[in-house]
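Q: Here are the chains, one letter per residue:
Protein chains: 2
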Amino acid sequence: MIIVHKYGGSSVATTEKILDIAKYLGKVKSENNDVVVVVSAMGKTTDNLIKLAYEITEDPDKREMDRLMSTGEQQTIALLSIALQSLGYDAISLTGRQAGIMTEGHHTKNRIKSIDGEKIKGYLKEGKIVIVAGFQGVDKLGDVATLGRGGSDTSAVALAAVLNAKCEIYTDVDGIYSIDPRVYPDAKKISHISYDEMMELAFLGAGVMESRAVELGKKYGVEIYVGKSLGEKNGTIITSKEKMMEEKVITGISVNENILMVNIENIPTYAKNVYAIFEQAVNLGINIDMISQNDVLSEHGSFAFACPKTEKTSLEKLSEILKEEFKDISVIINPYVVKVSLVGIGLISNTVVAARIFKVFAENNISFHQVAASEISIAIIVDEVMGKEAARLLAKEFNI
Amino acid sequence: MIIVHKYGGSSVATTEKILDIAKYLGKVKSENNDVVVVVSAMGKTTDNLIKLAYEITEDPDKREMDRLMSTGEQQTIALLSIALQSLGYDAISLTGRQAGIMTEGHHTKNRIKSIDGEKIKGYLKEGKIVIVAGFQGVDKLGDVATLGRGGSDTSAVALAAVLNAKCEIYTDVDGIYSIDPRVYPDAKKISHISYDEMMELAFLGAGVMESRAVELGKKYGVEIYVGKSLGEKNGTIITSKEKMMEEKVITGISVNENILMVNIENIPTYAKNVYAIFEQAVNLGINIDMISQNDVLSEHGSFAFACPKTEKTSLEKLSEILKEEFKDISVIINPYVVKVSLVGIGLISNTVVAARIFKVFAENNISFHQVAASEISIAIIVDEVMGKEAARLLAKEFNI
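Protein chains in written order, with numbering that gives the first Met the number 0: chain A, 0 to 399; chain B, 0 to 399.
Derived by calculation from the structure, the hints in this document are not laboratory data. Values in this document were obtained by computation on a predicted structure and should not be read as measured data. Incorrect hints may have been included.
Within a straight-line C-alpha distance of at most 30 Å, the following computed DSS-like cross-link-like pairs (lysine-lysine) qualify [said to hold, decoys possible]: (1) B/K227 <-> B/K387; (2) A/K127 <-> B/K139; (3) B/K308 <-> A/K43; (4) A/K118 <-> B/K108; (5) B/K308 <-> A/K61; (6) B/K22 <-> A/K316; (7) B/K232 <-> A/K61; (8) B/K22 <-> A/K61; (9) B/K118 <-> B/K218; (10) A/K139 <-> B/K120; (11) B/K124 <-> A/K139; (12) A/K118 <-> B/K22; (13) B/K188 <-> A/K61; (14) A/K118 <-> B/K118; (15) B/K232 <-> B/K165; (16) B/K26 <-> B/K43; (17) B/K26 <-> A/K127; (18) A/K22 <-> B/K50; (19) B/K218 <-> B/K139; (20) B/K395 <-> A/K139; (21) B/K112 <-> A/K139; (22) B/K16 <-> A/K311; (23) A/K50 <-> B/K43; (24) B/K26 <-> A/K227; (25) A/K112 <-> B/K139; (26) B/K127 <-> A/K108; (27) A/K43 <-> B/K61; (28) A/K16 <-> B/K50.
For each label pair, taking beta carbons as the anchor points, the in silico distance ranges come out as [said to hold, decoys possible]: (29) A/K26 <-> B/D382: 51 to 59 Å; (30) A/E319 <-> B/K165: 37 to 45 Å; (31) A/T309 <-> B/D185: 52 to 60 Å; (32) A/D58 <-> B/V384: 57 to 65 Å; (33) B/E15 <-> A/K395: 45 to 53 Å; (34) B/M0 <-> A/R110: 55 to 63 Å; (35) B/N163 <-> A/L140: 39 to 47 Å; (36) A/Y274 <-> B/K165: 51 to 59 Å; (37) A/E54 <-> B/Y219: 36 to 44 Å; (38) B/V359 <-> A/E54: 48 to 56 Å; (39) B/E15 <-> A/D58: 16 to 24 Å.
C-beta atoms are modelled at their ideal positions from N, C-alpha and C, and glycine is treated no differently.
Taking the hints into account, I'd like the entire structure generated from these sequences.
A: Dropping the structure here:
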């Protein structure tokens with residue numbers, strides 16, 4: 000059996016922790032498993048590198064950012080390989096390029112295009128523990144390319160898919176919770192969650208895993224274990240709906256603070272204008288999250304969307320471009336909001352649940368700016384100051 | 000004209016310094032030059048990475064050490080490229096592999112086998128400032144390979160050779176001094192020095208540049224400028240003897256404290272015994288520096304050599320081995336010595352100069368333990384306490 004392990008930044012933050020992981024991997028290997036390990040950069044390494052770049056300029060070149068950010072993982076793979084070899088295990092480190100991870104897309108947010116797993120399989124056959132740098136691959140120009148947020152999870156799940164392996168994600172939380180325990184202390188850990196629910200939770204900013212990694216798991220049927228301790232298996236298993244024993248109405252609630260709202264007002268609300276906004280946003284590589292259009296009956300209406308706070312510089316560019324195209328519009332960026340989201344298979348065509356949600360808002364006098372619903376989730380933009388309170392009230396209402 | 004600049008670790012230690020360099024490079028570029036820049040890792044980055052590896056084990060795998068140590072330069076090239084682009088200059092960063100630097104040899108001390116300069120020339124033609132990671136290349140397995148001590152200087156000189164370019168090394172000292180100003184405050188900066196003299200000085204521990212980079216410069220006729228300030232050209236030019244306008248008798252004096260003397264006494268001084276000593280020293284990987292044999296006329300004489308203090312552990316092993324082979328010998332290790340060296344083309348077959356040197360020792364009652372002379376240098380082992388005084392007196396005598 001091939002097992003792909005993934006260790007995040009806090010799990011490899013010190014050489015002591017790296018040695019502990021090496022010991023555990025040696026144990027797993029000695030139980031007749033073929034072991035592939037994906038690691039992130041140590042602790043706050045990536046954040047510190049990003050900080051250096053922003054000391055220089057507010058708008059660093061993205062190809063160079065990929066180069067810069069990809070160094071942290073190269074350090075961890077080398078150190079973990081050194082640790083394993085010092086314990087007497089045969090190990091080899093591979094960069095994304097060496098592991099055959101080809102990417103496409105834009106620098107700092109590339110997608111995995113393909114993985115040639117043959118090289119890794121060859122090393123596994125030689126009895127080696129194979130250590131792969133997470134978060135990175137190589138693009139068609141031969142440049143290192145990073146996979147954006149949660150990229151190491153994506154690397155691990157993609158490798159597990161290609162190698163037909165199990166995937167175990169080790170992180171600094173001991174599993175997936177229905178709601179952040181810091182927001183709601185009575186939060187419960189979930190033992191099994193479906194890919195779809197997890198994707199919604201991840202997309203909504205629950206933080207433990209990025210949705211794209213889960214999506215990949217769903218696509219290729221890779222069962223993903225998420226947990227903390229080395230050895231004890233008391234984390235959360237992300238799997239297909241069919242394999243789950245029972246379902247709750249609401250599985251999880253998240254509060255995402257990395258969000259801002261953009262209102263574009265006094266714009267002729269024709270489809271072609273909405274398209275023009277989107278076209279420019281795509282050119283600038285802006286990740287748009289929730290979209291709503293108001294006052295569609297008047298000739299000049301307003302159009303709103305939400306996007307991550309980190310897009311602020313690109314948004315300002317967008318604003319300039321749009322103001323040139325549409326003379327009369329005003330673009331208002333409101334960063335003082337958060338997004339409260341509820342996820343659960345129980346939301347599928349269940350208006351009763353939606354009604355319960357809005358009742359909580361009404362009874363507690365919490366106003367909201369925007370609402371968006373997918374098949375299994377509802378997201379609501381509220382003022383920053385009300386975010387946690389709203390989440391607590393909802394958690395209590397749905398007993399999660 | 001193509002100019003290769005090289006900036007060492009202390010020159011790129013902060014983002015502020017990187018921005019200053021970017022500004023200067025932009026100026027050089029705007030004066031109609033094609034600019035290639037080689038950079039080291041920021042400040043103490045490499046040292047800190049090495050420390051992490053040694054926290055794990057005393058004997059880290061060398062392939063993985065190369066991977067680990069090579070990340071620092073990748074960070075600097077990305078940051079410098081970001082800085083140049085933020086100032087409006089077109090720039091691109093290249094790893095050693097991307098710059099076409101092929102290596103051979105052993106991990107952590109590779110040599111440059113060849114450089115394919117076409118890729119760099121292509122980018123220069125597009126008007127780009129090309130930034131290359133120093134200290135690294137790629138071996139035939141496709142693994143990153145580092146060049147050992149002074150590796151970034153070697154990268155810069157080798158690139159200048161391939162590109163038929165000038166080479167300018169910027170460091171934290173403002174040029175090559177005839178003698179360490181901390182030893183002799185009146186020390187003068189050398190405006191021109193020959194490759195051979197510089198190699199001797201480097202070998203003798205003068206520190207500013209490794210001898211291999213200078214050797215490469217000599218081999219390919221690359222004129223090397225070494226200096227500190229950005230813009231002011233008041234450093235030192237390392238060039239061929241033929242290009243030097245005038246020669247001084249003595250160009251430089253160094254005091255090397257990393258030295259100890261080993262006396263092997265009461266040993267039959269036959270060639271085969273001397274060979275036996277050398278054979279064991281080679282087996283133990285001891286770097287022997289100066290060698291002298293005394294009392295060759297008596298049957299039991301003595302044999303002395305000098306070597307770096309860092310070889311102490313290996314020397315103790317050597318002592319044990321020799322005592323088994325030659326029962327009556329005594330091995331005396333004296334660490335309380337320093338080596339004072341004088342370098343200068345004027346020393347070539349010039350016994351008058353040698354006489355002046357020994358006159359200084361005689362008149363000031365400084366005794367010495369060992370003397371060794373090469374074509375353009377004389378090295379003298381004296382007691383530690385007399386080292387600096389001897390250097391000062393010699394500097395005064397030769398007015399350097």
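Q: Which of the listed hints are broken here?
A: 3, 5, 7, 12, 13, 17, 20, 24, 34 and 35
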